[in-house]
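Kindly produce the complete structure, drawing on both the sequences and the hints.
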Amino acid sequence: MYGGGYIYDDSGRSWQQEEQLQDDPVKLAAFEARIARGEKIEPGDWMPAEYRRQLIRLIEQHAHSEIIGALPEGTWITRAPGFKRKLALIAKVQDEIGHGQLLYNAAETLGKSREAMINDLLSGKSKYSNVFNYPAETWADVTVIGFLIDAAAIVNQVANAKGSYGPYCRALERICYEESFHLKQGHDAFIELATGTAAQKAMLQDALNRWWQPIMHFFGPPDKVSAHSEKLMQWKVKMASNDDMRNQFLDAYVPKIWELGLTLPDPLLKKNTDTGKWEFSDPDWDLFFEVIKGNGPCNKERLDVRKWAEEHGRWIRKALMRQEERERTALPVA
Amino acid sequence: MQSEQALPELLIKMADDELIIGHRNSEWTGLGPVMEEDIAFSSMAQDKIGHAWALYRILQEHFNGSDPDQFAFMREAADFKCSQLAEMPITSYDFSLMRHFLFDHAETVRYQSFSQSSFTPLQQLAAKIKGELKYHTLHADAWILQLCAAGAESKGRMQQALDNCFQLAGGIFEQGEAEEVLIAEKIYPGEAALYQQWLNNISPVIEKAGLTLPQMTAPVYGGRKGQHTEHLQQLLNEMGEVFRLDPEATW
Amino acid sequence: MNESLDPRVNRLRLNNSDGSFSIEEGENWNVFEVFHQEKRGAHHEHVGCVHAPDANLALIFAKEQFGRRKKCVNLWVVRSADILAFDLEDEDMFANNPDKTYRDASGFKVMDKINKFKAQSK
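Chains as they are written, first to last, in this note's numbering: chain A, 1 to 334; chain B, 1001 to 1251; chain C, 2001 to 2122.
In short, the hints are calculated from the structure, not lab data. All C-beta atoms, glycine included, are put in the ideal place defined by N, C-alpha and C. One thing to keep in mind: the hints can contain errors.
[What the hints assert, rightly or not] The calculated DSS-like cross-link candidates involving lysine-lysine, where the alpha carbons are at most 25 Å apart (straight line), are:
| hint | chain 1 | residue 1 | chain 2 | residue 2 |
| --- | --- | --- | --- | --- |
| 1 | C | K2039 | C | K2070 |
| 2 | B | K1134 | C | K2039 |
| 3 | C | K2070 | B | K1130 |
| 4 | A | K293 | A | K224 |
| 5 | B | K1208 | B | K1134 |
| 6 | A | K84 | B | K1130 |
| 7 | A | K184 | A | K201 |
| 8 | C | K2071 | A | K184 |
| 9 | B | K1186 | B | K1128 |
| 10 | A | K231 | A | K162 |
| 11 | B | K1128 | C | K2071 |
| 12 | B | K1130 | C | K2071 |
| 13 | A | K84 | C | K2039 |
| 14 | C | K2070 | B | K1128 |
| 15 | A | K293 | A | K112 |
| 16 | A | K201 | A | K162 |
[As the list claims (entries may be wrong)] Far from chain B by the CB rule (all over 12 Å, computed), these chain C residues:
| hint | residue |
| --- | --- |
| 17 | G2041 |
| 18 | H2044 |
| 19 | P2053 |
| 20 | A2081 |
| 21 | E2089 |
| 22 | A2095 |
| 23 | N2097 |
| 24 | F2108 |
| 25 | K2122 |
In structure tokens form, the structure reads like this:
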């Protein structure tokens, strides 16, 4: 699961002047015409250097978000109540790893190895979705994540699935199919608490209160301050604006929360019937950028756990690296 | 019919084994050595827990047992009949792989014997999960063989893991009190026969891997009588943490 | 001792490393393309790829990554490096296919001829 808007843009915009000039203008025109016709770009195709770089960054961050996103919910695998919840949660966290696998493969077709991507994650050079830097404190948090964070991710992923890069679209097609199971099992567990005992309901309300701000942050800063380029929209790398996706999410899910008698911790939250747009209090964007920088409650733990996994699996990976085949490991071709 | 008393004992120990080892193996989900293996190992953990669930349902349906969730999430360690092998912490991947190899071959031998069982629900369950178990042992064998052929460090780790697991694995075959009845009524061939078949099945793999099979000098018994290490109660406290907040609630 | 809310994590004994840990190129092994057969008699279709040390483990991995949901009866794996394909910009080699109607049933207007013949014979 992934939200696109918070992509940490540290690359600036100088590329537009430098690199695009180096791209062959005839090829660039053909490339852009192809995208405008709705055709997909495939791994071996000519593509502008910046298109390749932005896509690697996008898909890589998405992949990282999946394997880091497996951690807050993984917290509750050993504590999930009852067989059905236990199995569904393990299967869901397993899917997140599976999504990471698909996405790293898609990114690899652009020329960056999985190893290099994992190293950039571990060193902090490459980011993942901010929402996973918050702790899952109770079982109710799992239901909020499973329902609402996954719902938000679906909004984003369904948009991205209409993008221009073939391997990413194909990975997303499979991912969206599995996300529909995630959403359903999350919604089911959420409803169970919302309609359960007073203690269960209180637990859920508490989780909802804590997660609301991270959820509002999920799609990234408002369009008026967000640094995304026209070019990325034209190239169908970025498919929808942060505000549009956030509005789409609020429109679909706030009523589903309210209908269960739950409240959201924002007195200004309401749909403007004239504009059809949702209005809400501005979330704390300074906090959002602080967490991106690494100062959220769980940033360090998430990366330390990932490092633990990589370090402890190393002897196995290294033992099975075949010397004779090491001269060149091929990347995925499709 | 005497097996009315003896059968639940068999079903409970099998189910408890499956639940506890499945729970342990699920601790690797998200933390595996490489994504592809993470996914494979997680599927098998789910399968184990699924087998436990199926067995608890047989207990409920045929022997007036309690609701599977209540039975699994509310009992204390002394009431659990799993082998001590299953309850050991995941430790490191070599240990977890070796436990998976030894346990899954034992499980396979057991379910294969049920294809002849006079107790139809077990026969049906065995038929249903045959393919799953085939994959589990295929996976385990492949890893054992590959890691043992991948240099001294890797092979040394696997030998050490085998040495650490083997007596514990012997505990899977601890005989039950009413086993004679089950043998006589052709429900299953009994632990001693399963143990022999298990040895026959794992030995060629162990040999091909170049590992040395330790002597079964001191199988770790006790689990089937409710004697456990401290690890099991800790596991159960954790597993039941949410469920026990309100056992009457639905979650 | 960690201060995690995750009992799993607390058992890991994290070493709070400084970020210097990195993995080596090739540590995730080779890439194999995976082909999935949904039912007997159907073609195997490309569904993605797995990283594995050899074809044997690639197949074992593919079984769970690409065969754990939906119908599947068989899988193939093949090293990505062994796949030979045309460059995508060479798709113009196929461009005239639709014009070559002499290869296609639609290129032969049998009924027109029959109808013409019948009309003349009246």
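Results of checking the hints against the structure:
1. Restraint check for K2039/C and K2070/C: the C-alpha separation of about 11 Å stays at or below 25 Å, so the hint holds.
2. At most 25 Å may separate the alpha-carbon atoms for a hinted pair to count; K1134/B and K2039/C meet this at roughly 20 Å.
3. The straight-line distance between the Cα atoms of K2070/C and K1130/B is roughly 19 Å, inside the 25 Å bound, and the hint therefore holds.
4. For the suggested pair K293/A and K224/A, the alpha carbons sit about 21 Å apart, so the restraint of at most 25 Å is met.
5. Taking the CA atoms of K1208/B and K1134/B, the gap is about 19 Å. The hint holds against a cut of 25 Å.
6. At most 25 Å may separate the alpha-carbon atoms for a hinted pair to count; K84/A and K1130/B meet this at roughly 22 Å.
7. The straight-line distance between the Cα atoms of K184/A and K201/A is roughly 19 Å, inside the 25 Å bound, and the hint therefore holds.
8. For the hint pairing K2071/C with K184/A, the CA-to-CA distance comes to about 21 Å; that is within 25 Å, so the pair holds.
9. The suggested pairing of K1186/B with K1128/B holds, with an alpha-carbon distance near 20 Å, which does not exceed 25 Å.
10. Between K231/A and K162/A the alpha-carbon distance is near 16 Å, which keeps this suggested pair within the 25 Å criterion.
11. Restraint check: the Cα-Cα separation between K1128/B and K2071/C comes to about 16 Å, which is no more than 25 Å; the hinted pair holds.
12. For the given pair, K1130/B sits about 17 Å from K2071/C by alpha-carbon distance, which is consistent with the 25 Å threshold.
13. Taking the CA atoms of K84/A and K2039/C, the gap is near 29 Å; set against the 25 Å cutoff, the hint is violated.
14. Restraint check for K2070/C and K1128/B: satisfied, since their Cα atoms lie roughly 17 Å apart, inside the 25 Å limit.
15. Among the hinted pairs, K293/A with K112/A is consistent with the structure: their alpha-carbon atoms are about 24 Å apart, no more than 25 Å.
16. Our distance criterion of 25 Å between C-alpha atoms is broken by K201/A and K162/A, whose separation comes to about 38 Å.
17. Residue-level check passed: G2041/C sits 20 Å from the nearest beta carbon of chain B, beyond 12 Å.
18. The claim that H2044/C is not at the interface with chain B holds, since no C-beta of that chain comes within 12 Å of its own (minimum 19 Å).
19. Remark: the non-interface label on P2053/C conflicts with the geometry, its nearest Cβ contact in chain B lying 7 Å away (cut-off 12 Å).
20. Non-interface status of A2081/C relative to chain B is upheld: no Cβ of that chain comes within 12 Å, the nearest being about 18 Å off.
21. Against chain B, the non-interface label of E2089/C holds: every CB pair exceeds 12 Å, the least being about 33 Å.
22. Non-interface call for A2095/C relative to chain B: holds, since the shortest CB-CB distance, roughly 39 Å, exceeds 12 Å.
23. A cut-off of 12 Å between C-beta atoms confirms that N2097/C is not in contact with chain B; the least separation is 39 Å.
24. The Cβ of F2108/C sits about 50 Å from the closest Cβ of chain B, beyond the 12 Å cut-off, so the non-interface label holds.
25. Against chain B, the non-interface label of K2122/C holds: every CB pair exceeds 12 Å, the least being about 69 Å.
Checked against the numbered hints given earlier, this structure breaks hints 13, 16 and 19; the rest are met.
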